[in-house]
Structures are given as C-alpha cells and as structure tokens.
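Trainee: Listed below are the residues making up each chain.
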Amino acid sequence: MKEAVRIQQEDFSQDEEVAALKGSSKRMGGIGTFIGCARDFSEGREVEQISFEAYGSMALSEMQKLRADAIEKFSLLDARIVHRIGTVQGGDNIVFIAAGAEHRVAALEACRWIIDELKQRVPIWKKEVTPQGDAWVVPHP
Amino acid sequence: MINVLFFGPVAERIGNNQVTVAYRPGIRMQDVRDELAAQYPQAFEIVCFAAANGEHVRDMSFPLADNSEVAFMAKFSGG
Chain A
1 MKEAVRIQQE
11 DFSQDEEVAA
21 LKGSSKRMGG
31 IGTFIGCARD
41 FSEGREVEQI
51 SFEAYGSMAL
61 SEMQKLRADA
71 IEKFSLLDAR
81 IVHRIGTVQG
91 GDNIVFIAAG
101 AEHRVAALEA
111 CRWIIDELKQ
121 RVPIWKKEVT
131 PQGDAWVVPH
141 P
Chain B
1 MINVLFFGPV
11 AERIGNNQVT
21 VAYRPGIRMQ
31 DVRDELAAQY
41 PQAFEIVCFA
51 AANGEHVRDM
61 SFPLADNSEV
71 AFMAKFSGG
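Chains A and B are the protein sequences, given in the same order.
Residue 67 in our numbering sits at position 67 of the first sequence, with consecutive numbering throughout.
Residue 60 in our numbering sits at position 60 of the second sequence, with consecutive numbering throughout.
If you are wondering where the hints come from, they were derived from the structure by calculation, not from laboratory data.
Among these hints, one or two may not hold up.
[What the hints assert, rightly or not] With a straight-line cut-off of 27 Å between C-alpha atoms, the simulated DSS-like cross-links for lysine-lysine are: (1) A/K22 to A/K2; (2) B/K75 to A/K127; (3) A/K73 to B/K75; (4) B/K75 to A/K119.
[Claimed, not checked] Covered by chain B, according to a simulated footprint, are these stretches of chain A (three or more residues, beta-carbon under 8 Å): (5) 52-60; (6) 118-126.
From the three backbone atoms N, C-alpha and C, an ideal C-beta is built for every residue, glycine too.
Just need the whole structure built from these sequences, with the hints factored in.
Mentor: Shown next as structure tokens:
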C-alpha cells in the first residue's frame with residue numbers, strides 16, 4: 001500500500017486514496033476530502049502551467065507532522081495527504097487530502113484545517129508560467 | 001561548514017540554490033542570516049522563514065552546530 005503522506009510528480013487516484021483510508025478502519029462514518037487543482041487563470045492572466053518546487057525532506061516531514069497533529073486534534077481514525085511537485089497543466093490535480101472520522105463534522109473540519117495549515121507550514125513554492133512570463137506566486141495573507 | 005539551501009523565489013534572486021558559510025563556535029542563525037543578507041539583500045527582502053536541519057526555527061538566537069543544514073525561505077505557496 002502507498003504511504004499515507006507523499007510528495008510525488010505523478011498524478012494520484014482519489015479512488016485509491018479513499019479506498020486506502022477506508023481500509024484502515026470500519027468505524028469510519030465520515031470521510032472529508034479536498035482536491036486542489038491548477039487554475040488556468042490567475043490575477044487577470046492566463047496560466048499555461050504551474051511549476052512546484054519543494055524543500056523535499058522538510059516538506060515531507062512537515063506533512064507527516066501535520067497528519068499526526070490532525071489525527072490528534074480531531075480524533076480522526078486516519079488521514080492521507082498527497083502533494084504533487086514538478087510541472088502541472090491547467091485543470092490538473094495538485095494536492096489531495098482525506099480525513100476519516102467516526103462522524104462527519106470532525107472529518108470535514110479536519111480536512112479544512114489540514115489544507116489551511118499545509119499552506120502555512122509546508123515548504124513548497126509555486127511558479128505560474130504565463131504568456132507574459134514566469135512568476136513565483138505571492139500568497140494571499 | 002554550514003550548508004545553506006535556497007528554494008523557489010529566494011534561489012532565483014540569489015542565482016544559486018546552495019551556499020556555504022564557515023562554521024565558528026557559537027555561531028547562531030541570526031549570524032548566518034546577517035552575513036548572507038548583506039551579500040544578497042534582494043533575496044532576503046522576501047525571506048519569511050528559517051529552518052535548521054529540516055525543522056522550523058523561529059528564535060534566531062538558535063545555535064548552529066558544525067555541518068548544519070540551514071534554509072532561508074520565502075512565504076510558502078503550496079496547495
């Protein structure tokens with residue numbers, strides 16, 4: 001089985017990830033998922049590609065800590081986080097998060113919390129490739 | 001020797017993804033930052049985070065050991 005936390009170039013399968021999550025416990029009554037995708041338009045410009053760079057070892061370790069923190073904070077039964085790096089096209093998947101809990105509220109809240117924390121804690125940067133040139137993205141506060 | 005890593009927008013402004021700084025007993029994160037910020041002021045304008053050996057460092061008085069791996073990083077934009 002694939003690791004619950006991964007950084008990879010290739011796309012992921014939501015079905016495989018959810019099946020792996022469900023396989024970890026039959027007490028799971030709710031699963032919240034989030035998929036972040038590449039938009040082909042940003043800040044008034046067309047975006048042809050998005051390129052991701054990570055501080056790989058630290059990003060993986062921060063994502064593992066984030067999963068453990070979420071499991072503890074929301075009493076989850078399991079959670080999975082997958083982030084792609086390299087170059088993606090408009091519409092492609094970027095990040096997948098799944099949180100499984102006994103009840104829906106914890107699953108949904110954990111999923112939202114994980115993506116918000118990931119953006120604050122995990123050293124990954126994106127560069128948008130546009131017809132006007134390339135630009136590193138400056139995050140919104 | 002202290003190995004300093006740069007990524008993404010910071011690496012682009014520096015024109016390199018790695019430099020070394022000579023180790024001396026008692027050297028702290030702030031000392032490394034000050035030395036490099038003087039050399040690469042444009043890059044350090046966008047530095048928001050620091051890490052030592054893959055862990056976030058918020059207290060810049062953090063003491064560094066010889067052969068430490070340090071990173072100075074711009075605000076993250078993953079997800």
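Trainee: All the hints need checking, so say for each whether the structure fits it.
Mentor: We went through each hint and held it up to the structure:
no., hint, in the structure
1, A/K22 to A/K2, "holds (14 Å)"
2, B/K75 to A/K127, "holds (13 Å)"
3, A/K73 to B/K75, "holds (25 Å)"
4, B/K75 to A/K119, "holds (9 Å)"
5, 52-60, "holds (count 7)"
6, 118-126, "holds (count 9)"
Of the hints listed earlier, there is not a single one the structure fails to meet.
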